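All chains, please: the whole structure from these sequences, using the hints.
Residue numbers (this note's numbering), protein chains in the order written: chain A, 2 to 409; chain B, 15 to 356.
Possibly wrong hints are sitting among the right ones.
Heads up, simulated DSS-like pairs for lysine-lysine below, C-alpha to C-alpha not over 27 Å straight-line [said to hold, decoys possible]:
#, chain 1, residue 1, chain 2, residue 2
1, A, Lys404, B, Lys88
2, A, Lys202, B, Lys88
3, A, Lys303, A, Lys124
Just so you know, these hints were derived from the structure itself, not from any lab.
Predicted model, so just to flag it, every value in this text is computed and none were measured.
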Amino acid sequence: MRKILLTLLFVLFGTTAYADGHCSKPSGSINILANDFPALRTFVETAKGCKGSADFKVTHSSEHNKIAVPALTANPSEFSARIAANSSIVPLMNQDLIRPMDDLVKKYGKGIQDSQLITIDGKVMAVAFMANTQHLYYREDVLKELGIPVPKTYEEVVAASEKIRASGKMQHPYAAAYKAGWNLAEEFVNMFIGHGGEFFKAGTAEPNINNAKGVATLNMLKKLASLSNPDYLTHDSEAIKVEWESGKVALMTLWASRSGTLLDDEGDAKITAATKLTGPATVGGGNIPAATLWWDGFTLAKNRSDSDAEATFIALAHAASNKKMVADAADQAVWLVEGFVPGPKSIGVIEAVKMGAKPYPMLPQMGLMHGALGSEIVEFLQGKESAEQALKDVEAAYISKAKEQGFL
Amino acid sequence: MPNKTFFWFFLPTGLAMILFIGLPIISTGIQSFYAQHDQVVKEVKKCDPFGCTVSIVVDQEATSILRDEKPLGKFNGFGTYIDRNHLAIEQISDFWKETDTFGEFINQVTNLPFYKALLFTLTYCLFVTPNVLLLGFIIALSLNAISRKIRGPLIFGTILPMIVTPLVGSLVLFWMIDAEGIIGANLQLMMEDPYLSLKSSRTLTWITIIIYGIWHHSPFAFVVFYAALQTVPQEPVEAAIIDGASRYQRIRHIVLPHIYPVVTFVALISLMDNFRVFEPIIGFSAEGSAQSLSWLIYDNLVNEEVILFGSAAATSMMTIIGIAILLAPVLIRTWKEFRTAR
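Given below as structure tokens:
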């Protein structure tokens with residue numbers, strides 16, 4: 002955590018002499034699988050600038066999680082690299098689908114900073130290039146008019162939203178990505194960590210969510226949901242972004258990586274001007290934020306020839322150490338690359354780090370827990386069952402899946 | 015046709031069926047009996063931009079030895095079938111002992127993922143299939159009675175719902191019923207309830223999906239019925255008119271018996287299709303309120319970051335068995351009729 006702060010500070014006061022990342026003109030075949038948002042497109046585009054004579058292909062897809070494991074299991078695998086994050090690197094590690102890249106880092110990774118390296122058991126398994134988190138966005142004009150201070154805790158978010166609703170200005174003043182499935186589970190993870198919860202009993206894969214912290218988490222989610230658009234269970238990040246831009250929401254929890262599109266010139270200029278960012282909120286009197294820190298980085302496929310891996314690494318390392326890219330696209334993400342000067346759109350992530358936010362748990366069985374949460378807590382939010390019953394269901398669903406996967 | 019000719023005639027199709035349908039089903043069946051090996055995990059130091067922690071990872075060396083020995087995994091028998099996420103035998107017997115009233119017991123059972131999905135799937139089948147048959151038949155009758163000049167364009171318009179890709183069709187409706195959409199917002203105005211949402215209420219979501227299902231499937235029934243109506247002989251109909259039979263009586267006693275085999279056919283196909291309901295759940299983002307058996311399979315295969323092959327295979331096998339049970343009465347009846355006809 003301190004590392005990132007130091008990096009950011011160093012970057013702030015560091016050199017401003019921009020130089021292109023190193024590029025040693027690779028040859029071979031490069032094929033990249035990545036999620037689809039502006040920063041990643043910029044990153045891959047920059048990597049393409051160093052493709053040399055190699056054949057360069059990329060697949061940007063928001064369904065990347067569904068493709069990754071099957072595509073990398075094939076031998077030779079469809080993709081030579083996969084842009085992953087804390088959570089999505091886990092299935093790749095579980096199935097042994099990515100290769101350590103210490104030798105490549107030594108040979109070609111000149112501009113990459115040590116803080117960018119994701120090492121597991123001493124081996125470099127990924128190179129991170131950007132950080133992400135979910136944090137609060139607020140409408141300065143609305144809060145000012147009603148004399149509401151910028152909320153620092155979720156309890157204050159609830160109070161502020163109730164006040165806005167009572168004023169008649171907005172019917173559903175709060176928004177967060179509560180779409181049943183991955184998104185909703187992610188909100189639970191954030192809130193549970195904010196309450197100081199641990200998902201598993203220490204040192205085991207036994208679930209540990211059916212307790213007072215779990216109940217408090219669910220109750221907070223329900224309170225927030227009641228202040229959101231009634232269709233919240235179908236709204237993902239993109240949908241709430243649209244809601245925000247139509248001026249129907251005054252407080253929102255959203256990914257930092259979306260701030261770029263929220264604050265661009267498109268849409269109502271008045272709303273854009275009044276959109277302000279602040280750090281993630283805490284909850285239940287805790288001092289760490291109810292949010293998780295994420296990194297995005299690249300991994301290299303194991304089932305692919307060494308020469309392709311080398312070519313892919315050269316191109317991607319060129320982007321992951323590219324000062325010109327982070328200067329030109331400073332608005333798009335919080336880059337972990339040397340030369341990045343954080344702007345106003347990076348406030349959320351920087352605040353989260355300062356407040357001591359925890360990274361998303363990188364555990365082999367976490368994906369199963371996340372999946373179980375996404376479907377089993379819906380009925381509680383709909384008011385069909387009690388918090389205890391919902392948590393019991395999550396644990397039971399998780400245990401069956403974990404048994405099938407051999408974790409229990 | 016002599017049996018020998020039939021054999022050679024059927025051989026290519028038969029081979030293709032074995033290769034592309036039979037073998038995959040057998041492979042799915044085998045997979046459903048296996049679970050993953052016990053995961054060997056080890057503690058390691060993990061470092062990322064946010065700091066270092068001691069955490070666990072899967073021990074690849076130990077795991078690969080296990081995997082090489084038994085690539086299919088650990089034999090689990092019917093373990094996956096009876097676990098909590100499928101038939102949940104153990105849980106159900108516990109509920110039976112613990113609950114006081116039958117209603118409470120049913121509540122508990124339908125809270126289990128498999129039964130929840132089965133309940134929706136069956137409800138969908140039971141409402142959509144008869145309505146599709148009825149609506150398709152009524153449309154076919156009406157169009158058959160209309161002047162030939164405008165029949166062409168009307169038929170085209172009627173089969174449009176079938177031409178539209180299911181996902182696109184459901185997405186269009188999904189946006190319209192959003193709380194900010196044209197139908198959703200107007201409903202709120204009409205009911206004077208700003209919290210009314212078609213998508214957050216389970217009952218309303220089910221109704222929406224069922225209506226969508228009827229809309230989407232009726233054209234198929236219509237096309238087949240319309241074709242069948244063209245074969246209804248005119249003489250008995252005319253004779254019935256002379257005898258003073260009403261329109262209803264003519265349909266009931268002449269048309270329906272004539273096209274009866276076609277009705278059976280459409281009912282069979284519809285049942286099979288509806289039992290595998292899937293696209294509208296994705297299109298309507300209705301995972302929260304409505305889950306079908308097909309959706310469960312999809313969920314096991316793609317929604318988790320870990321792919322649950324055993325679970326997905328077990329649900330697939332049970333879906334096949336479910337369809338077989340549903341179709342059994344119709345098939346038995348057809349078989350009996352075939353026997354008496356000979």
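Discussion item. Between the alpha carbons of Lys303(A) and Lys124(A), is the straight-line distance 27 Å or under?
Written reply: Distance ~14 Å between Lys303(A) and Lys124(A) Cα, so the pair holds.
Worksheet item: When you check the alpha-carbon spacing of Lys202(A) and Lys88(B), does it fall within 27 Å?
Response: This hinted pair holds, its Cα atoms lying about 25 Å apart.
Discussion item. Would the hint linking Lys404(A) and Lys88(B) be met if the CA-CA limit is 27 Å?
Written reply: Distance of about 11 Å is within 27 Å: holds.
Of the numbered hints listed earlier, not one is contradicted by the structure.
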